[in-house]
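Peer 1: This is what each chain is made of:
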Amino acid sequence: MGILKKAAMAAIAVVATAGTALAEYPDRPITLIVPWSAGGGTDATGRLIAAQLEEALGQPISVVNRTGGGGIVGHAALAEAEPDGYTLGIITTELSMYKAVGSSDLTYADYSLIGLYNADPSAIFVKADSPYQTIQDLADAIKSDVGALDASGANFGGLNHLSWISLVQGLGADAEKINWVPTDGGAPSLQLLVSGAIDVVVAQFPEAKALIEAGEIRPLAYLGSEPNKGFPDVPTVNDALGVNFAIAGWRGLAGPAGLPDDITAKLVSELDKIVHSDSFGESMDKLNFGVVWAGGDDFKTYLEQRGEAFGRAISSAGLDKK
Amino acid sequence: MTMKARPNSDLLIGLAFTAGGLGICYQAAGLRPMPGMVVGSGLFPTITGAAMCLFGLVLAVESLLRPSEGGDAAPGAGPDRRRGALPLYSVLVLVGLALLGALLPSVGFILCGVVFTALVTRLGGAGWTGSLVFALIATFGLYYVFVYGLRVPLPHGLWGF
Amino acid sequence: MIDAFIAAAELVFTFKTLLVILLASAFGLFVGAMPGLTATMAAAILVPITFYMDPIPAIAAIISCTAMAITAGDIPGALLRIPGTPASAAYVEDSYGLTRKGKASLAVGIGITSAMIGGLVGSLVIVFAAPLLAQFALGFSSFEYFWLALLGLSCAALVSGGGLAKGSLSLLLGLFIAQVGLDPLMAQPRFTFGSSELAGGISFIPAMIGMFALAEILRNGRHGARLEKQTRVGNPFRGIGAVLFKYKKNLFRGAGIGAVIGALPGVGGDLAAWITYALAKRTSKTPEKFGTGHPEGLVEAGATNNAALSSAWIPAMVFGIPGDAVTAIAVGVLVMKGMEPGPQLLTMNPQNFYAVLMVFFLANLLLLPFGYLAAKASRFVFDVPRSYLNAAILLFCVVGSYAINNSMLGVWVMIGLGIIAYLLEARGFAVAPIILGIVLGPLLETNFTTSMMIARGDVWAFFERPVAGVLGVSTIVIWVAATVSGLVLARRRRIRA
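Chains as they are written, first to last, in my numbering: chain S, 810 to 1131; chain Z, -3 to 157; chain F, 51 to 547.
These aren't lab readings, by the way, just hints derived from the structure by calculation. Take the hints with a grain of salt, since some may be wrong.
Stated by the list, open to error - With a straight-line cut-off of 20 Å between C-alpha atoms, the simulated PhoX-like cross-links for lysine-lysine are:
| hint | chain 1 | residue 1 | chain 2 | residue 2 |
| --- | --- | --- | --- | --- |
| 1 | F | K339 | F | K296 |
| 2 | S | K908 | S | K1075 |
| 3 | S | K1075 | S | K1109 |
| 4 | S | K1095 | F | K387 |
| 5 | S | K1018 | S | K1038 |
| 6 | F | K335 | S | K1018 |
All chains, full assembly: derive it from the sequences and hints.
Peer 2: If you want it as structure tokens, here you go:
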């Protein structure tokens, strides 16, 4: 088995590197913290990054899932790690929300930002036999009585919830009347939709693809500014309703704050190469994740904007009080 | 029942659970509710806390109604179970575990593991040599399996191993 | 269809694929037999390696490794009373009970053979009923899930001995432990006392290791449990045929129910074995023997376990809704290899679908030779002097509970719950319902709150959907029956006294 061989190789590597004490970074294995559970989108893309980074840096990278608390546990573990470049981690959308919602004081300032590699807007889905044929039908229903619609898609205060709030507000309806059914994520929400328990789901395309193809659900609109490559026929809300949108889920690589500049620079340039490589693009395409690149300071600017947009949506929905 | 019956233990445990249930309900009442919703973070804890309270009382009342019997034996616990008294070996093992837990992050897995395993093996009645050799094999074996085979980083001490 | 079958066989029966299945099974056996390591962990470790494989070997690696790891999780349960999965906690008292009677090989053998038969039945069910079961599973909303979880938990509380009050208290303790951490609704910290580590919640692996393994060592001290001398037999599988034949009804009923419940994403694997164990006890002629090393429940729940494991792949493959971490990882691998889950997997590329099924059959068949070796090797565990064995178990307890989240909290949870379990067991409480409470607590709570929000607080809505109504009424009937029989028993005792 590969494990044995790997163990042997690793043992040799340890002995070999012990001789050259002051070797260039990295000279020992790196740990990559993923704040979400094995099997999710963050885990899948994180392992992809880990595998390619391992090749580029020539050191084994072990992926560690530190889950729990809506991602807070893993994000906190990364922020508190030794800033020596041997503990890195994936940071995700939720980091833009913790402070505004009041669940944690963590912000992007607690990290050395390396690079953004993925961003995906959500889409709006209804059950196949739903009375809402177009996004316009749904918009009318929202305007007449948003309180009668049961919507779901993620946890309370999560990305999809905020997207739904922004849409409802954009249509001029009362966001306080929204009945949002919180779940652990896209899959359980879609299950509720298909079983006929709720009316609308806000989720991302990769999660819903199989159910769309099975004819169980229909996408009504995409919440990005341009149509999704995989589903070019699904209109964007900007086109269909004239509501402007700037909310997307994102994922990036980071280290604890205070990473030495030369290490950060090295990681930014390696990640840059990986994100722009064909093999990474192909794998992300297959998983239906959108590839977006923003390295170092660009990543910081991106997160500043996100933080403000999320903050606005959160405070206007009254999620930040008490 | 061959063992000495302890009529009061069920009463005490039942009352302890009742108190615990009340504590859970009290804590749950302090959680902030969802804006404009019937359901909140505290609803489920309140229900389970109340149920714990109720069944704690049931257990207490049961033990009062039939004071001549102890509890039913747990399945699989078997006749060789010693009620109440914890063997000295077990007490020492617990002390060792607590020390191990306290020292592991700063001293590191290898050193802690060898010392702990050697002491526990010796405590179990093996000779010093056997204990030490076994401790070395077990600790290093586990270390390599986990760190290199399964890629689980075990705690490194302040000295880096 | 025949063409697709032949094409599938050509994909599977290559030297490379078969070798991958063999190696992955061996790896699964190793990981599963180590207390504290999970099938999820085994699958996650394999993922980077599957990047370099063709689609079918890649999937084959995940399937065979997890099937073997989950089944092998029964081995430390039978030998040392350290169950490998929440499901195997359902029957650990019976398998360990057999070991105490000197029949360790029989315990391991029964576990493995009934798992194999359950797995084969489960695979057959996928062949013939995948679309049907998938449709059935899609009809389940939070209302049905809530009742199903409550039904399973009720079974665990009422079946595990100690009486109604003690069983319920064990269960409620587990449910309470599950509530520690950030709540699923608003991510408010509950019962964390300001600790950020506790905010991540208490995972069941350290709890399970502490409550079963550590408590066992604490109770028995340096000499270990009083075991009868292990009977030495040349063929560790001797006598298993007779046992399985005697309980053939349990075997196939367990497999059938497992295949159906397993298809429900999220609950399947963990719950099904508990429900069929309770059913076996209910319908048994000798229910009093359950929990003392009686094979009947072991056969039924063991078969259920692996049948549920197979059919858990149905919603994952047909609708892309993974039920647990293992199938979620597998869905990721499927997608990476261009075999996207969805109905087109059955229609457009049926050879891939059938190839996956063949891997299921092979992986389950491989359980037999590997299980034989494991059963044969298992008696050596008892040749190791207790002083060494205990030290090794304790070191494993520490490493295993640390490894699940790479945090010391796991170690403290293991120690703390080990002590609590020791104290409670000494008073006749059963620990298994605590474990199931921890595992299913979040599921029960989220489906309860979700349903309440959809119903806007109206409790009657829990009975309005037909399946939910039936499950709900069954749950209530079980509780009423248990209460009445408890009262009658108490009355009789008092009259006798």
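Peer 1: Now tell me, hint by hint, if it's right for this structure.
Peer 2: Consistency of the hints with the structure:
no.	hint	verdict
1	F:K339 to F:K296	holds, 16 Å
2	S:K908 to S:K1075	violated, 30 Å
3	S:K1075 to S:K1109	holds, 17 Å
4	S:K1095 to F:K387	holds, 8 Å
5	S:K1018 to S:K1038	holds, 13 Å
6	F:K335 to S:K1018	violated, 50 Å
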